[in-house]
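K.L.:
Following the hints, complete the assembly by docking chain G onto the known chain X.
Protein sequences, first through last, are from chains X and G. Counting from 0, one number per residue, gives the positions in the first sequence under numbering that gives the first Met the number 0. Counting from 0, one number per residue, gives the positions in the second sequence under numbering that gives the first Met the number 0.
Don't take every hint at face value.
[To be verified] Footprint (simulated), chain X over chain G, 3 or more residues, beta carbon under 8 Å:
| # | segment |
| --- | --- |
| 1 | 78-87 |
| 2 | 216-229 |
| 3 | 279-287 |
Everything labelled a hint here was simulated from the structure, so no lab data went into it. For glycine and all other residues, C-beta sits at the position ideal for the given N, C-alpha and C.
2 protein chains.
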Amino acid sequence: MKQEGRPVRIVDVARAVGVSPSTVSKALNDSGSLRPATRERVRAAADRLGFVSDAGARALSMRRTFIVGLLSTDDVGRFSMPVMLGAENALTVGEISTLVATARHDSVREQHHLRTLVARRVDGIIVTGKTTDAREPIRVPVPVVYALAPSTDPDDVSVVPDDAAGVRLVVDHLRTLGHRRVAHIGGRADQNTSRVRLAALRDALDAAGMDLVGEPLLGEWSEPWGRQAVDLLLRDDQAPPATAVVCASDQLARAVTDRLRERGLRVPHDVAVTGYDNWEVMWAASRPPLTTVDMELEQLGRRAAERLLAEIQPEPPEPDAAAGPGTRSDGVGPGTRSDGVGPRGIELVPPRLVVRGSTIAGD
Amino acid sequence: MKQEGRPVRIVDVARAVGVSPSTVSKALNDSGSLRPATRERVRAAADRLGFVSDAGARALSMRRTFIVGLLSTDDVGRFSMPVMLGAENALTVGEISTLVATARHDSVREQHHLRTLVARRVDGIIVTGKTTDAREPIRVPVPVVYALAPSTDPDDVSVVPDDAAGVRLVVDHLRTLGHRRVAHIGGRADQNTSRVRLAALRDALDAAGMDLVGEPLLGEWSEPWGRQAVDLLLRDDQAPPATAVVCASDQLARAVTDRLRERGLRVPHDVAVTGYDNWEVMWAASRPPLTTVDMELEQLGRRAAERLLAEIQPEPPEPDAAAGPGTRSDGVGPGTRSDGVGPRGIELVPPRLVVRGSTIAGD
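One chain only, chain X, in its complex shape:
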C-alpha cells in the first residue's frame, strides 16, 4: 500500500526512530535481540508513518496482526454465510480473528472496505461472492484468496465448488437406477453456474449413453419458474418425455416435484427429480424429500482459510530426501491437498451426493 507521493521505506522508519534500518527490520520481524522498548518505538513509528511493505518488502517486515479480512460481495448470505463460517472456524483454530466487510455489489463500497482492511494491517483477505461467476482481482499489498467466486487472474488462488463433479454424481446415480432419458431445468442462463452444470450434464450423459430430452429449460432461480418449466416440459402430453428431471437448484427441484404432482405424476415412480445445494428449507419441504448435491461450502471456506494462511506464512520446503521417485522437490503438485498447500489457480472442492426419496422410493 503506497502513501500519497512515494512509499514509506524502512530507512524512513529508521530515521524517525533514530536507529539503524536493520534494527527496524528486526523489530518488525520479531527477530534478533532488541530491548522491548526499542521494538515498540519502531512499531509505533511504522504505524504513525503508515509503513506498509509492498510485495517485495513483505518478507522483510513479516509482522502479523493475526487478523484476516473477509470481504463479501453478497448481500443475501445463503451461499457466503457457510463459506464464512467454515473460514472463521479454521481461522479461530489458528487464533486469528476475522474482520468482515460486505460490499453489497457496490464497487465504491468495496474499495472503501479494502482501504480500511489494509489500514488495519490485516494479514490477508478472503474474498467471497454470491455466485461462481469470475470476478476482477482486488489489488492490495497482502495475500488474497478468492472463495466461491474465482478471480479472473489465473495466478491468484481461488477455491470454488466442483459443480461438474456434482453433476457427474447425479448422472451416475440416475444411470444406476436405470434412467436413460433426462430433462434439465435450470436457473439464469447468463450465470457461470448454469453453464458449468449444463455442459457437465451433456458430457456426463454422453459418456453414460443417456439422452438429454429436448432443450434445457433455463429461466430464473425461483419456484414459479420451476413450476412453469414443468408445464413447458409436459406441454399437452400426458406422458412425460423424460424419466428423470435434473434441476440446477433445490428451489427449482422442489417446485418441480410440486408441479409434477399437480399434473398427476408421481415422484419418483413416474419421474425422478434431483436438486442441487442440499438446502434443508427446500429438500425437507419437498414431497418427497430431495436427492441433491451438497457443495460442501463450509469445507470450501475452510480450504480458503488454509490456503490464505499458507500464503501468509509459507511452510518451509520439504527436505528432498523424503521425496519418492517422481515427486516434485517442492512438495507441491496438482491435486495436492495437504494443509494449505496447492498450486495457484483454481482449487475445486469435491461435492457430495445426498440420496433421498425424490429418486428412490421409500416404500
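P.N.:
Leaving out everything else, chain G in the frame of chain X:
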C-alpha cells in the same frame, strides 16, 4: 480486564514510560497537547503491560480501537445475517470495523471468542442470537448491546423486534377486511417468539371483538407441520371453521396456502392467510404471494450499533435551557429514538405490514 495478580494501573504505565500519570491519561484519551512520540510511547507501554481499564477506569482511558465485536450464537444466519448487515452498515459510516465471532450455541466457544475480542481491545460488543429467547448476559469490561435475543438483565441494553405490534398490524388488517373468526398456526411452543405472538393475538382479537377459533396449533417451524396443521384444522369438515389463518412464519403460511389449495379451498376467497418474516423465498413461492410482517431486522441491527456507539462514547447532556416543559433534563425518556439515545432495558423495533394476494384478491 484484570491481569493475573493485581490489575495494571495508570501509575504502572507512567512509571514504565517515565512520565506523569496525567500524561498517560492524556495520551490514552487523545486529549491535551503531547508530542506524538510521547503519545506513542505511552500507548506502546500500555499495550505491553496489558493495561485495560475496568468499568470505573474506562472513562479515564477512553482509547478506542474503532473495532467492534459481533458475537453471533446463530449457526444458520437467516435472522442474524440481516441484523449483522444493518449493524455493519451503521458502523461503517462511523469508520468502525467489525470483528465477527460465531459461537454456534457452544458456550466454551463463546467464552473463547469473548476473551479474544477483549484481548483485541474492541470498543464494544454486539451479541446476536437466533431467536428472541432471552439469554444470560456476557461479562466483559466493554459496553455490550444485545440484538434479537435480549439479555435477562434489565439493566442491559437489548434491541428486539416488536412482535406484539406485528401481530396487532395483522389483526387490524384482517378486521378491516371483515374477518371475525381466525385460526392460529405456529411453530415451537417452547419459544419466546411463539408465546409473545400468541398472547398478542389473543389480546388483539379480544380488543377487536374477533374470535380465536379452536386451540392454537403449535408444532414445528417447518412446511410439513404447516400442512399437517391445516388437516387438523379442517378435520373431516368441508367448510373451514375460520375465514382467516394467522401463521407465525412465512414458511408455515406458505405450506398452509399449499395445503388449503390441495383441500379444495381458495386463498384468499375461502380462507385468507397471513405469514410473518417477509422472507422472499417463501412469500414469493406461495400461491398467492403472502401478506406478512417484516421485522425490519436490518433496522434492528442499525439500532443496536447506534445504541452501542452511544454506550462507547456518550453524548454530552443537552443543556437544560433547550428542554420544554415536562422534558426530562437528561434528554432520555421512553420512546426516545434520536441517534443512539434511549433508556436501558429493551428497545422494541417497530415492524411493517406487507399486504399481498393471500389476504386481498388481485383480480
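K.L.:
Work down the list of hints and note, for each, if the structure agrees.
P.N.:
The hints, checked one at a time:
no.	hint	verdict
1	78-87	holds (count 4)
2	216-229	holds (count 3)
3	279-287	holds (count 3)
The earlier numbered hints are all upheld by this structure, with none contradicted.
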